[in-house]
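Chemist: Based on the hints, put chain P in the right spot on chain G.
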Amino acid sequence: MVAELSTDVPALFRRRRNFGTRKRMRLQHSQSKQHGEPVHSTRPETSSARTLMEIGTRRIFTKDHDLFRQNVRRFFQEEVIPYHSEWENAGQVSRELWEKAGEHGMLGILIPEECGGVGGDVFSAAVMWEEQMYANCSGPGFPLHSDVVMPYISNYGSKEQIERFIPKMAAGKCIAAIAMTEPGAGSDLQGVKTNAKRDGSDWILNGSKVFITNGWMADLVVVVAVTNRDAKTAAHGISLFLVQDGTKGFQKGRKLEKIGLKAQDTAELFFEDVRLPADMLLGELNKGFYYLMNELPQERLAIAAMAIASCEFMFEETRNYVLQRKAFDKTIAHLQTVQHKLAELKMEICVGRAFIDNCIQLHAEKHLDAPTASMAKCWASDLQNSVATRCLQLHGGWGYMWEYPIARAFVDARVQPIYGGTNEIMKELIARNIVNQK
Amino acid sequence: MSGRVLVGVKRVIDYAVKIRVKPDNSGVVTDGVKHSMNPFCEIAVEEAVKLKEKKLIKEVVAVSCGPQQSQETIRTALAMGADRGIHVEVSGKDYEALGPLQVSKILAALAKKEEAQLVILGKQAIDDDCNQTGQMTAALLDWPQGTFASEVSLEGDKVKVVREIDGGLETIKINTPAVLTADLRLNTPRYATLPNIMKAKKKKVVNMKPADLGVDVATRLEVLRVDEPPQRQAGVKVETVEDLVGKLKETGRI
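Chains as they are written, first to last, in our numbering: chain G, 1 to 438; chain P, 1 to 254.
Some clues are possibly wrong.
Claimed, not checked - Pairs of lysine-lysine residues, derived as BS3-like cross-links and limited to a Cα-Cα distance of at most 27 Å, are as follows: (1) 54(P) x 100(G); (2) 199(P) x 159(G); (3) 34(P) x 346(G); (4) 100(G) x 50(P); (5) 366(G) x 50(P); (6) 58(P) x 18(P); (7) 173(G) x 50(P); (8) 346(G) x 18(P); (9) 237(P) x 326(G); (10) 34(P) x 366(G); (11) 100(G) x 52(P); (12) 173(G) x 54(P); (13) 168(G) x 199(P); (14) 201(P) x 366(G); (15) 18(P) x 326(G).
No lab work stands behind these hints, which were simulated from the structure alone.
Just so you know, these numbers come straight off a predicted model, no measurement behind them.
This is chain P alone, in the form it adopts within the complex:
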């Protein structure tokens, strides 16, 4: 086994920012808005670095698809302990239309090129909440997948994954190479210490285009309209349980 892990990291609008819809309803305002690494991607990087520290794998490669600023996201991954980075440059209209299908094609191509043993991704991104890229990547590669992982353990050429599912926890054992997606409780991402931030400057980040991987990023989707969620309406206070039941019946809730 190559001992190489590919980690996908996505640059998203920071979780603390108040999102505003563009006046023309074509999307949300991203200009001048604070961006950071998707929190689930941070967890993915942390898991990969932990595996390397346990000497179960040899190299962590951080990948990001996006415009020039995606390099900052890769640098954050390097500062957390990833060994090198790959920036697949997608910008302008292509970037605006970039979605899980194209990204998973890119990741699948890279996983083959880099002979990855594992591909670890965040379970979903906090901007589009798609929860598709991991699954699509696995399908394109015809690899097993361990999604919503809250625990990962490498056992020889197999991976034991504890998954968070609606009914509780499910434990599966899958062959490698495999795709894993990280859930919230998998780990707590480490601090990027100043020494590591300084070391990260010396790590290599390779630049390439989707075409170099033979991937066509043309989209099959068209965003028609983006709207704010409806304003929250005022609630109504009632005095008794009967009133409550009455109101619920009135508004057709029961």
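With the rest of the complex left out, here is chain G:
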């Protein structure tokens, strides 16, 4: 199937520009051709690699991405994994981690250099999302901060707002969050009640938000609020505001006690007569909803990419477990039932990986539309949960123990079909595109 794709597919998999001379590694079994000869093979896909997390696989990446991935993997191994259990108890990661990530140029990858970001490509951002899942550490809210919130500011912010916030956000000194969901409105985003009323040239913000990722540590929150109650539809009356931690009236309620994502500081936020100067309005008045619609596909792609990466991690964890767990005088990997389950898992994960890589490539070419991003998020997060439950089962009793990585991966997986837009809403978006007569 791989051979078909490489001859068939036109622009989609053809490598693009800026990565200098493409280094080509030949997969050769003849030893006499090991050194020096010019080679033309493509990179292997995960299905034929030694492990699903191998560096040097997948045609959407180049050797430069491999080098970056090596360093990101090292960062998670040295700076995140050793502390993650401690952070799970604390319900948050440390500030130092954020600053270290900033120091190492791992935040704001998709933000242009001129704005103060790293100026990297979508593939490099994907490396960050994936390596976090390969490390099985859901605590750091880097994807949300870098690839959801920062783009709102760099795309819709004024020059002054960009200068004021982006460099600090890229440095990990200003942690960001975005507050859309409320206790009474999640999927029904148009039903938000948080509102901002004009007072002279200022705005007075009132309302509350819940389930906000990075909420507890956030220095800056992008808040979705109603600014025109009388708009023809609710969508036409929504705006985005920048609210800084410490602003009078802005209270962080508490860190929420979740069944998973234990080291992630998800919080509830309260706004009581918060006075915001005019320059804290992000973008144009009453255009908020359209900004959200523009930016949500990227968020959904990130969730999808993380879902498949998590599947790959769980598969390798499980493979390692069954190869050493003994029962009935042999490792359980000798049992046909286990072998078939592994085959099914690998099949499904590789098929999912192909679609997600396709979507990542589309997004890099700016051709990823909202329904496709929704498909990716919905499919991958459902697959992730199905893989999680099967992999946990293969671990037997140990899979139920918190000390085993599969347990944490299992509970963390459960939120993926919910946040970023529930999978039910994803199906709404996909269907609309199908039955729309236009």
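Modeler: For chain P alone, kept in the frame of chain G given last:
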């Protein structure tokens, strides 16, 4: 002083890979096997970049001898902060037979050509564990050497080197130009950040052949055979100290 430092970087099989001997016992399997920069070479690059950041030297040039893939190793050095690279292309049978003597001839020629103030190398490579290239290079150049360095400080036209030796630590002061080899505790190599990886693409890597430097890479050694180390035998548990002493005497250990 030119303020230029030459750093040698070697592409070796990654330390985490399980090495397998080729069926014909002529060597180890390298095809399709993960390779990376020799860890001691990483430390060497880091030290050179640190000297540049302290403004004690002006330019770091990364050199690698090997096939086309050695360019990746040079690129890693560039992503860590080296300014430019030199790829001395050696491939095929010549590469299989390439060893410390030929490499040190190449490095000596380059050190003269580039008017290097310092040549910094890893103390040894993790594939052959030779621990010879640094010393041979210094000898060919007739330069002083500071090997197994765990601390390096430039003091005018001299270098103070703290060396890790069997008896502990030895501090020496040598003139420049000199050859240094990096030991484990010299520093912790930095991450190659994405901005630096992207900048590295624009840095120049010059390609040349050993002949261009007047070096003959013909080998004087012939590898007869490569074998796996003997399988580890099972141990024997004993109950008492007397039993232990008895067993040791029995097997001729004491």
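Chemist: Flag every earlier hint the structure violates by its number, smallest first.
Modeler: 5, 6, 10
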